[in-house]
Amino acid sequence: MTLGVKSKRVLTRLLQAVPTVFGILVVCFILTRALPGDPAAYFAGDMADAASIEQVRQNLGLDDPMPVQFVTYVSDLVQGDLGTAISTGQPVTVELAKRLPASLELTLGALLLALVVAVPLGVLAATRPNSWVDHLCRFLVTAGVSLPTFFTGLALLYVFYYLLGWAPPPMGRLDMMFLPPESVTGFYTIDSLIAGDWALFKAALAQMALPLITLALFTLAPIARMTRAAMLQTLASDYVRTARAAGLSSSRVLVTYAFRNALLPVITTLGMVFSFVLGANVLVEKVFAWPGIGSFAVEALVVSDYAAVQGFVLSMALLFVTLNLLIDVTYTLIDPRVGED
Amino acid sequence: MNRRNFLKGATTLSVGASLLPLAQLIPQAAKAATNETAVVVFGGTINSLDIHRSGTNRDSYQVAINCYDRLVSFGTKQTADGSLSYDFSNVQPELAESWETSEDGTVMTFKIREGATFWDGKPVTAHDVKWSLDRAVSLGGFPTVQMKAGRLESPDQFTAIDDRTFQITLPFPSKLALPDLATPIPIIINSEVAKAHATENDPWATEYLHRNPAGSGAYKVLRWNAGEQLVYERNEDWACGPLPGYQRVMLREVPAQSTRRALIERGSVSASQNIPNKDAKELAAKPGVKVVSTPIENCIYSLCTNLDFEPFKDKRVRQAVAWSIPYEKIFEQAAYGQGVPMWGGGEQVTSIAWPQKSPYSQNLEKARALMAQTAYKDGFEVPLSFNLSVADWAEPTALLIQQGLAEIGIKANIEKIPGANWRTVALVEKKLPLHLENFGGWLNTPDYYFFWSYIKGNLFNSYNYDNPEMAKLIDDTLDMAVSHPDYAPNVTRMIEIAFEDIPRIPLWQPTLNVAFKEGVEGYEYWFHRQMDIRPLKPA
Chain W
1 MTLGVKSKRV
11 LTRLLQAVPT
21 VFGILVVCFI
31 LTRALPGDPA
41 AYFAGDMADA
51 ASIEQVRQNL
61 GLDDPMPVQF
71 VTYVSDLVQG
81 DLGTAISTGQ
91 PVTVELAKRL
101 PASLELTLGA
111 LLLALVVAVP
121 LGVLAATRPN
131 SWVDHLCRFL
141 VTAGVSLPTF
151 FTGLALLYVF
161 YYLLGWAPPP
171 MGRLDMMFLP
181 PESVTGFYTI
191 DSLIAGDWAL
201 FKAALAQMAL
211 PLITLALFTL
221 APIARMTRAA
231 MLQTLASDYV
241 RTARAAGLSS
251 SRVLVTYAFR
261 NALLPVITTL
271 GMVFSFVLGA
281 NVLVEKVFAW
291 PGIGSFAVEA
301 LVVSDYAAVQ
311 GFVLSMALLF
321 VTLNLLIDVT
331 YTLIDPRVGE
341 D
Chain Z
1 MNRRNFLKGA
11 TTLSVGASLL
21 PLAQLIPQAA
31 KAATNETAVV
41 VFGGTINSLD
51 IHRSGTNRDS
61 YQVAINCYDR
71 LVSFGTKQTA
81 DGSLSYDFSN
91 VQPELAESWE
101 TSEDGTVMTF
111 KIREGATFWD
121 GKPVTAHDVK
131 WSLDRAVSLG
141 GFPTVQMKAG
151 RLESPDQFTA
161 IDDRTFQITL
171 PFPSKLALPD
181 LATPIPIIIN
191 SEVAKAHATE
201 NDPWATEYLH
211 RNPAGSGAYK
221 VLRWNAGEQL
231 VYERNEDWAC
241 GPLPGYQRVM
251 LREVPAQSTR
261 RALIERGSVS
271 ASQNIPNKDA
281 KELAAKPGVK
291 VVSTPIENCI
301 YSLCTNLDFE
311 PFKDKRVRQA
321 VAWSIPYEKI
331 FEQAAYGQGV
341 PMWGGGEQVT
351 SIAWPQKSPY
361 SQNLEKARAL
371 MAQTAYKDGF
381 EVPLSFNLSV
391 ADWAEPTALL
401 IQQGLAEIGI
411 KANIEKIPGA
421 NWRTVALVEK
431 KLPLHLENFG
441 GWLNTPDYYF
451 FWSYIKGNLF
461 NSYNYDNPEM
471 AKLIDDTLDM
481 AVSHPDYAPN
491 VTRMIEIAFE
501 DIPRIPLWQP
511 TLNVAFKEGV
521 EGYEYWFHRQ
531 MDIRPLKPA
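Line order of the protein sequences matches chains W and Z.
Residue numbering for the first sequence follows my numbering, starting at 1 and increasing by one per position.
Residue numbering for the second sequence follows my numbering, starting at 1 and increasing by one per position.
Simulated from the structure, these hints should not be mistaken for lab results.
Mixed in with the good hints, there may be bad ones.
Here chain Z is said to cover these stretches of chain W; the calculated rule only asks that three of the stretch's residues, wherever they fall, bring their Cβ under 8 Å from a Cβ of chain Z [stated by the list, open to error]:
| hint | region |
| --- | --- |
| 1 | 33 to 39 |
| 2 | 85 to 94 |
| 3 | 234 to 248 |
| 4 | 286 to 300 |
Only pairs whose alpha carbons sit at most 20 Å apart, straight line, appear in this in silico EDC-like list of lysine to aspartate or glutamate [claimed, not checked]:
| hint | chain 1 | residue 1 | chain 2 | residue 2 |
| --- | --- | --- | --- | --- |
| 5 | Z | Lys290 | Z | Glu496 |
| 6 | Z | Lys148 | W | Glu54 |
| 7 | Z | Lys357 | Z | Glu310 |
| 8 | Z | Lys329 | Z | Glu365 |
| 9 | Z | Lys430 | W | Glu54 |
| 10 | Z | Lys148 | W | Asp328 |
| 11 | Z | Lys290 | Z | Glu265 |
| 12 | Z | Lys357 | Z | Glu265 |
| 13 | Z | Lys456 | Z | Glu500 |
| 14 | Z | Lys456 | Z | Glu521 |
| 15 | Z | Lys431 | W | Glu299 |
| 16 | Z | Lys357 | Z | Asp392 |
| 17 | Z | Lys111 | Z | Glu97 |
| 18 | Z | Lys456 | W | Asp49 |
| 19 | Z | Lys366 | Z | Glu332 |
| 20 | Z | Lys416 | W | Glu299 |
| 21 | Z | Lys430 | W | Glu299 |
For every residue, glycine included, the Cβ atom is placed at its ideal position computed from N, Cα and C.
Take these sequences, add in the hints, and give me the full structure.
The structure is reproduced here in structure tokens:
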């Protein structure tokens with residue numbers, strides 16, 4: 001019975017995503033056209049006269065009325081054609097397929113790194129309030145949120161590449177003499193491991209180190225804060241007191257009772273943090289010449305490259321709709337309260 | 001292995017040379033930036049390998065020069081500071097080993113170089129030349145406009161007489177025709193390869209050539225990852241010039257200026273293209289880095305006063321503005337002293353060199369006196385606009401101009417316009433009352449510059465200037481040979497009018513700055529402001 005209710009809820013939730021995606025399509029289409037600037041004039045080139053601008057406009061299909069352009073756009077979309085990004089000269093689908101993994105590798109890597117550092121730090125800070133660990137936690141959290149990512153990125157670059165020479169030249173995902181691994185996931189680190197190429201894995205990781213640390217510093221603040229707060233709350237709760245009173249070992253109380261319960265809000269925070277990091281990516285990608293989706297979108301926006309901007313917004317929308325769905329569905333399935341009417 | 005060794009190991013370029021996949025592809029690629037390989041970083045992005053395609057950006061123009069031959073090219077000259085520049089007045093053979101012009105100047109006959117072959121080994125014939133020039137005048141957009149400048153407008157003008165003889169017929173003799181053939185536009189494409197990939201909807205194979213260059217030039221494209229890099233590989237069989245010094249050139253896109261600067265300062269790359277004036281000044285003082293700054297030919301950073309804006313209809317107001325600008329301060333603070341001053345010249349025009357100094361300099365008394373004669377003695381308000389993409393020089397310039405104008409009662413409100421919008425409002429709609437502009441023509445004659453910027457309706461006349469005498473002079477002079485007795489007097493008069501009417505107030509001639517690691521030589525400036533990698537060589 002409860003399973004029926006649950007699957008029904010999951011299904012409803014899935015269906016709710018459809019109008020969201022369509023709405024995003026329409027709004028994004030209208031907004032890109034409302035951008036100031038005439039892409040035809042921009043892309044006609046340096047010496048273009050009125051006639052050649054008009055010709056470019058026709059070539060790009062920008063002389064059609066808006067509704068016609070929209071129908072063309074949607075029907076192309078259905079066939080999986082997102083158009084050509086004039087700013088890079090590539091089909092938008094190709095650009096997205098190539099750049100999204102680059103950004104995700106950075107984002108997920110940074111999240112992972114932040115988790116590994118922030119969760120234990122938050123737990124330790126909560127169990128030893130006002131100790132040096134707690135102060136360290138506070139310091140890192142303050143630093144993480146108050147330093148803009150491009151600043152952290154440039155500072156790390158200055159110290160570790162420019163002064164010390166430890167980091168490789170910040171020129172993208174791989175050093176110049178390496179070729180990317182055969183694409184399976186699009187993540188160079190994972191793909192190089194699949195290919196069993198250790199040198200390549202190291203090269204990819206070395207190239208990622210600085211941008212990863214930059215983003216992780218930015219990311220760990222909310223995670224550490226949330227872990228600390230949630231832990232403090234659970235540690236002060238009745239069931240922890242009861243468990244302690246029952247004579248359970250302190251490690252068991254901490255891990256099984258306090259930590260597991262504290263993890264729920266932390267995971268919720270993660271979903272939110274993910275979107276922050278993806279946004280913060282843009283500047284980091286610029287600084288480290290990382291060919292990701294953020295720098296691509298910004299460039300496209302600057303030159304009113306409609307197809308590219310729409311493709312970017314659409315893929316981001318889908319990504320977040322999926323992410324939200326995933327979180328909601330997981331909650332529906334896990335949370336015992338859902339399904340009780 | 002500790003972390004430090006790990007990071008070090010992964011950084012050192014020579015490590016693992018034996019393990020590198022690219023090393024298998026290009027055997028000597030063990031080290032980047034060596035005697036075989038040059039690495040160049042730049043801030044833009046290459047969006048097509050075909051200069052004729054609509055939407056191809058400036059960064060991509062270099063592919064046309066490096067990978068394709070044209071019938072003719074320009075020679076090299078040494079500039080005042082010892083750096084090398086292309087020489088507009090010296091047209092040299094490239095694919096054409098010789099040419100003749102008929103008595104009346106309307107028929108040009110080119111002899112194609114013997115032994116010139118495309119990369120696939122096919123000999124270059126006059127038929128390829130015909131197909132390629134037909135393409136340039138037929139595709140529309142920028143290539144067609146540029147071809148028209150040399151009076152090359154229709155395929156009927158081009159004839160392949162036999163495999164090695166190619167003829168161009170002009171409607172009337174023009175001094176611009178030959179140099180126009182040396183611009184990056186009239187490239188010679190392997191027509192057989194292109195035709196094999198042409199379709200009914202795409203008869204000129206734009207989709208194929210967009211990704212796959214098919215030329216006979218000094219370099220081939222080994223790899224192109226749009227948004228990341230382009231790798232050039234030398235064409236060992238190049239017939240049209242001395243073999244380039246580098247076997248391979250990697251062009252890397254690095255968007256952040258500070259990162260590019262760190263790369264060149266650390267010596268990780270061979271060259272950083274188009275660096276800002278501030279960096280040029282500072283890097284020149286560092287050991288291990290060499291900066292070459294070349295004045296951009298016939299380009300002038302100017303303040304333009306739009307004649308559609310009521311107060312600027314009065315010539316005296318425009319002159320007052322020209323007398324109010326703190327030129328020296330601008331040159332120091334916005335240009336960091338890089339470039340050629342374009343103010344403070346003599347009252348008489350004594351030379352036809354272009355650009356040349358205007359007679360104006362900052363003289364507030366003169367400016368105030370002029371303003372007092374007009375209907376605007378109490379001043380007025382005007383927006384002062386600039387293109388946000390060139391904010392590095394335009395912003396400080398605008399602020400200083402604002403101060404100067406305040407001295408004579410003009411309140412200028414600074415308006416920053418994003419790059420995508422700039423062309424539309426400034427050049428196409430021409431509706432900015434007061435703005436900073438930086439036009440430089442590809443064909444380096446004064447009359448060509450005046451053609452684009454002083455005839456009503458033409459693109460770079462963003463200030464709606466209209467003067468029948470000027471228009472007539474330009475019309476008479478544009479195709480006239482430089483040796484014609486009327487040429488110098490006509491140009492002199494154009495310059496006099498330009499300075500007297502002053503719709504465009506020259507500030508300074510900018511420079512193109514390129515930074516090199518020690519040991520890279522042979523760099524030569526080109527008017528399209530991109531790297532011609534052919535003459536580069538290791539010391």
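Results of checking the hints against the structure:
{"no.": "1", "hint": "33 to 39", "in the structure": "holds (count 5)"}
{"no.": "2", "hint": "85 to 94", "in the structure": "holds (count 5)"}
{"no.": "3", "hint": "234 to 248", "in the structure": "violated (count 0)"}
{"no.": "4", "hint": "286 to 300", "in the structure": "holds (count 8)"}
{"no.": "5", "hint": "Lys290(Z) <-> Glu496(Z)", "in the structure": "violated (39 Å)"}
{"no.": "6", "hint": "Lys148(Z) <-> Glu54(W)", "in the structure": "holds (17 Å)"}
{"no.": "7", "hint": "Lys357(Z) <-> Glu310(Z)", "in the structure": "violated (27 Å)"}
{"no.": "8", "hint": "Lys329(Z) <-> Glu365(Z)", "in the structure": "holds (18 Å)"}
{"no.": "9", "hint": "Lys430(Z) <-> Glu54(W)", "in the structure": "holds (17 Å)"}
{"no.": "10", "hint": "Lys148(Z) <-> Asp328(W)", "in the structure": "violated (62 Å)"}
{"no.": "11", "hint": "Lys290(Z) <-> Glu265(Z)", "in the structure": "holds (10 Å)"}
{"no.": "12", "hint": "Lys357(Z) <-> Glu265(Z)", "in the structure": "violated (35 Å)"}
{"no.": "13", "hint": "Lys456(Z) <-> Glu500(Z)", "in the structure": "holds (17 Å)"}
{"no.": "14", "hint": "Lys456(Z) <-> Glu521(Z)", "in the structure": "violated (44 Å)"}
{"no.": "15", "hint": "Lys431(Z) <-> Glu299(W)", "in the structure": "violated (26 Å)"}
{"no.": "16", "hint": "Lys357(Z) <-> Asp392(Z)", "in the structure": "violated (23 Å)"}
{"no.": "17", "hint": "Lys111(Z) <-> Glu97(Z)", "in the structure": "holds (6 Å)"}
{"no.": "18", "hint": "Lys456(Z) <-> Asp49(W)", "in the structure": "holds (13 Å)"}
{"no.": "19", "hint": "Lys366(Z) <-> Glu332(Z)", "in the structure": "violated (23 Å)"}
{"no.": "20", "hint": "Lys416(Z) <-> Glu299(W)", "in the structure": "holds (18 Å)"}
{"no.": "21", "hint": "Lys430(Z) <-> Glu299(W)", "in the structure": "violated (25 Å)"}
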